[in-house]
Amino acid sequence: MKYNLEIKGEAEALLVEQQDGGGMVITAAGKQRTVTARRIDTHRLVLNVDGAIRNVFLGGNDAAKQIVIDGVAYGVADADAKAMAAATGGTDRETPREVTPPMPAVVVKVLVALAQDVQKGEGLVVVSAMKMETTLSAPFDGQVTGINAAEGDKVMPGDILVDLQPKEESKAGQAVSV
Amino acid sequence: MFKRILIANRGEIACRIMATCREMGIETVAVYSQADETAAHVLAADRAVLLGAADPAESYLNQDRIFAAARETGAEAIHPGYGFLAENETFASRCQAEAITFIGPPPAAIRDLGDKTVARRLMQGSDVPIIPGLSHPETDPAKLGEAAERIGYPVLIKAAAGGGGKGMRVVHSAAELAVAAETASREAAAAFGNGAIFIEKYLARARHVEFQIMADGQGNCIHLLERECSIQRRHQKIIEETPSPALTPALREEMGAAAVRAAQAAGYVNAGTVEFLLDPDGRFYFLEVNTRLQVEHPITEMVTGIDMVREQIRIAAGEPLSYTQSDIAGRGHAIECRIYAEDPENDFFPSPGPIAYLQQPQGPGIRVDSGIYMGGQVPVEYDPILAKMIVHAETREAAIARACRGLKDYVVIGVKTPIAFLLDVLDHEAFRDGATYTDFIPLHMAEWQPATADGDLARIAFVVDALTEKSIGTGAIPGGRAPERTPWQTLGAWRS
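Keeping their order, the protein sequence lines are chains A and B.
Every position in the first sequence, counted from 1, becomes a number in the numbering used here once 288 is added.
Position 177 of the second sequence, counted from 1, bears residue number 161 in the numbering used here, the numbering being contiguous throughout.
If we strip away everything but chain A, and leave its shape as in the complex, we get:
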């Protein structure tokens, strides 16, 4: 069985051979490891990897999981599942090109105007969440082609607050909503 797993965009292939009587041999990055496992909880496995006991904790779904090992959280995504979703028209919400709040927030101030030219990193909208203010900035040089939020609006992740058209026309050749 083959898996293609991504961490922070870096994919690695894993080859899994299930053994009789329990256990697996997993080959990754040229290294072969013998793995057995017990499920302790929906969110917890105890693995035995080449003789060493490792506790791992998991959340998420079949396509993408948050895996916590010794205090560090890894976001592991199934690249094949992502490819399938993209092929069937799913949108890649991982794009960093959107001007959208990462969590539910309230718009405090819109810093730009329609048709204004902005540079990458320039502040576009100030939002407030959990009593702290943060400024959402332009992911690239561009021109403001739409302002979709006003002071006092409650906004959610996924809401596009400002539409930005990239400066280089030769790039996508089409307006990018951000």
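For the record, the hints were derived by calculation from the structure and aren't laboratory data.
Computed from a predicted structure; not experimentally measured.
Check each hint, because a few of them may be wrong.
Derived DEER-like restraints, expressed as beta-carbon distance ranges [claimed, not checked]: (1) A:ALA438 / B:ASP265: 45 to 55 Å; (2) A:ALA438 / B:PRO264: 16 to 26 Å; (3) A:GLN407 / B:ALA435: 51 to 61 Å.
Covered, in the sense of this in silico footprint (three residues per stretch, anywhere, with C-beta under 8 Å from a C-beta of chain A), are these stretches of chain B [what the hints assert, rightly or not]: (4) 16 to 28; (5) 273 to 280; (6) 416 to 428.
Partial chain B-side listing against chain A, Cβ under 8 Å, derived [claimed, not checked]: (7) ILE339; (8) TYR341; (9) GLY359; (10) LYS392; (11) ILE397; (12) ALA404; (13) ALA435.
Ideal placement from N, C-alpha and C gives every residue a C-beta, glycine not left out.
Fit chain B to the given chain A structure using the hints.
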């Protein structure tokens, strides 16, 4: 002694205060908002009263409703915790008017010390050294600019009514001053209902060292040693420790005495904290007095063996201090790590949501003050502190090792936390050397990225999880038993 106390707060601090109340045989009353109907502090109380909607103005800041709840339940005293109404002079005064004891300082002390500019003037009169700056609030950009030129850049804009890092901005040049002042003032107005700001010289390379003081209503005042709180992100403390690696016994005595003088100058009663900045030459300057029980109070409790909430309740009930200064001794070393619902890989943006899985560390020398539980929710409307992990050990080195063990065993699934970031701070050579100044994080952690050492193991775990039964008890070890399951059930998605 009080029969019943209402805790006007939520989360970990409300739970912590209730713990001591229960030990003292005092009944507890929780108040809560609609977002907190099954919150930990509600489940821990003897009685609970719904205040209103999630918005703090409708609930935790709503004085009318809180007093109604106190009357309805017959609460004789109110503990305000930290944040919310803890440093609200009107609230403390109204307690007096309603014949309910406020577990904290007198309203006049809150008023005088709550205004950072008034506090500065009080200290000047008591021979307590202060940082060069303005001792009155100022919003006129021209006047601010003049003062900044006089003091010398960099300067720090601060909220006169504030704390917790809100309404603070470092300004390096005149060009940045106007915008910084406006943002700081707006943030302060939102957080404290008061947009007044002032400025001080910014001491970039200093340690934040604070002294815990405790005063009774009979004029006795002592200090409970210091806390070093230099590990701050955007002026918010994230790791605190005691004793401070920088204090000699002589300096401790000098600063401790200054802290007691500062408290007495303000007519202080109950628990408070006098904050100082300690520069690399061993000179200390008064920063402000926090007229409340602080987030980091547990590290003082660990080294002194004193339950500070118990002492607060006793003082509020009219009893004298249980200790004299010569009774106070510190033993060992304590470190606190604050566990916030924040994403360290996304500029520490708040990360609310449901807690799908929780494992809190335990074992020798570990204390966890928590406001969350597995299956609970972290609402978006409040400060994102989830819990505090406090460790106590014989030496600083042992305490650091204990804190690392604790953080590695601290598992939160469902919201993001900065646990990996905290581990890397504790692991940093500068931290281990005790070189902890308030610029620690910008200096050493600005380009921080989480460790990737276990990336391969994470991928292996992903696969094992996919191939292993989700619920325990079916004995489904991969490749093993469960012959009654057909390939149609176990195959899953197509894969070569």
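- Against the structure shown, which of the earlier numbered hints fail to hold, in ascending order? Failing hints, ascending: 2, 3, 4, 5, 6, 7 and 9.
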